[in-house]
Every structure is written in structure tokens, then in C-alpha cells.
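First residue of the sequence shown? That's 4 in my numbering, and the numbers climb one at a time after it.
Read the hints as simulated data drawn from the structure, not as lab findings. There are no misleading hints in this set.
Label pairs and their calculated CB-CB ranges:
| id | residue 1 | residue 2 | range |
| --- | --- | --- | --- |
| 1 | Val56 | Gln147 | 33 to 43 Å |
| 2 | Pro31 | Pro140 | 31 to 41 Å |
| 3 | Gly169 | Ala135 | 16 to 26 Å |
| 4 | Pro146 | Asn16 | 36 to 46 Å |
Straight-line alpha carbon distances no greater than 25 Å define the calculated DMTMM-like cross-link-like pairs of lysine to aspartate or glutamate that follow:
| id | residue 1 | residue 2 |
| --- | --- | --- |
| 5 | Lys204 | Asp168 |
| 6 | Lys204 | Asp174 |
| 7 | Lys27 | Glu195 |
| 8 | Lys27 | Glu70 |
| 9 | Lys220 | Glu162 |
| 10 | Lys220 | Glu115 |
For every residue, glycine included, the Cβ atom is placed at its ideal position computed from N, Cα and C.
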Amino acid sequence: MDTEPFDFADARNRMVDSQVRPNKVTDPRVLSAMRELPRERFLPARLRPRAYVDEDVPLGGGRVLMEPLVIARLVQLAAPSAGERALVVGAGVGYGAAVLARCGVRVTALEEDPALAALAEPTLAGLAPGVAVVIGPLAAGWPQGKPYDIILIEGAVREIPAVLDGQLRADAGRLVAVRATVGSMGSAVLAEPTPAGLRAKPMFDCATPPLPSLLPKPGFTF
Numbered sequence: 004m005d006t007e008p009f010d011f012a013d014a015r016n017r018m019v020d021s022q023v024r025p026n027k028v029t030d031p032r033v034l035s036a037m038r039e040l041p042r043e044r045f046l047p048a049r050l051r052p053r054a055y056v057d058e059d060v061p062l063g064g065g066r067v068l069m070e071p072l073v074i075a076r077l078v079q080l081a082a083p084s085a086g087e088r089a090l091v092v093g094a095g096v097g098y099g100a101a102v103l104a105r106c107g108v109r110v111t112a113l114e115e116d117p118a119l120a121a122l123a124e125p126t127l128a129g130l131a132p133g134v135a136v137v138i139g140p141l142a143a144g145w146p147q148g149k150p151y152d153i154i155l156i157e158g159a160v161r162e163i164p165a166v167l168d169g170q171l172r173a174d175a176g177r178l179v180a181v182r183a184t185v186g187s188m189g190s191a192v193l194a195e196p197t198p199a200g201l202r203a204k205p206m207f208d209c210a211t212p213p214l215p216s217l218l219p220k221p222g223f224t225f
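Model the full structure from these sequences, guided by the hints.
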């Protein structure tokens, strides 16, 4: 028996209307970007049927495509303005970078896994051609493009890498991330530069898997 082809456009609209819009996402640019961007095209073919579920999509190696609601609220929290510059740390397959770009932001997408970057590049070239994909260690950020108006860390962290403070604009720069707390729980934080360093304020509860390379290194025990 033939099966009907999966209707990704319908799933995309349902994602926005049932997962994203009812849950405090009100920025029309974010809603429009998520309604227009074919999220499934950022995934390998075998994972595309999972593109619009309300959960993280595992990509292997501890990495995920962040669930739609969390990425939507993080982008909205960053309050992007057209013409600003943004760095996405742990850009993965590029979906979050594309959402930011559709808000009029010039985006640098930093990824350390060459396989994920190779997935992201052709998709972004077609859907968000202004995004620059760069490869390097996430913990170092990408100082070549500083200062950034926005830094988005696309994955949970225990602590925000201190080096990123120096890559934000000193005036009006903001960093958004998910800070892991206990177990799988966490909170989205908005961090802004101060003379004493980044000041992070928790904004809402959420959870997403940590970026493996940004986890604290285990210490020696005797």
C-alpha cells in the first residue's frame, strides 16, 4: 500500500500555531521566520519526519537540533534588530542561525564539528545566504568578527565561557543561553556586559542538552 507523502508545510504551520505562538513567543519576525523556514531541510533525510516534534532532535555525539519553542524564545530574548551582528556558538545544522538571519541580523555560525558544518553550509546557502559558517573550538568563540551585538549559545552550559565577554559590544551587547542547573533542568539567561564581567539574569525555565565541549572538565580525585 502506498503511503501519502509527509506534509511538511502543514507540520510547520502546526508547530508555530500549537507549540510556539501560544507559549509567549510574540515577535512577528520570529514567528514569520519559523513559519517560512523548512526546518526539515536542516536535517539528514532519516531525521526529517521528526523536524516538527516538540522535542530536541538528536544528531549524534551528544548534539541536538534544539526544540522549536526553546530556540524561538531564545531568539526573541535576544531582541534582534535589523543590521546587527550575531555569533551563534554551537550552530550545529544551522537552523537557529537561519532564524536569526531572517530577523535581519548578520550572522556568524560557529561550529566545531566539521560534519555538522558540512550539513549546515548548503542549507544555509539556499535559505539564509548571508550566514557565514566558520569552524573552530566553541570555547574560543570567534574573535575575528567581534564585537557582536548578540551571542547565542545553542545548547546548555554550566558556565558561560569568559572569553565571550570580550566578544560582545560593551554597550548594548547581549548574550542568551540556557544555563544547566540540576539534572536536566535549566533556565534561559540574558547576560549583558558590565565593568565586572557578564551579568546573567535568569529569564524563564527550560531545558536542552549541554554542549559536550563546554562541559566542565572532570578534576582529579585521590
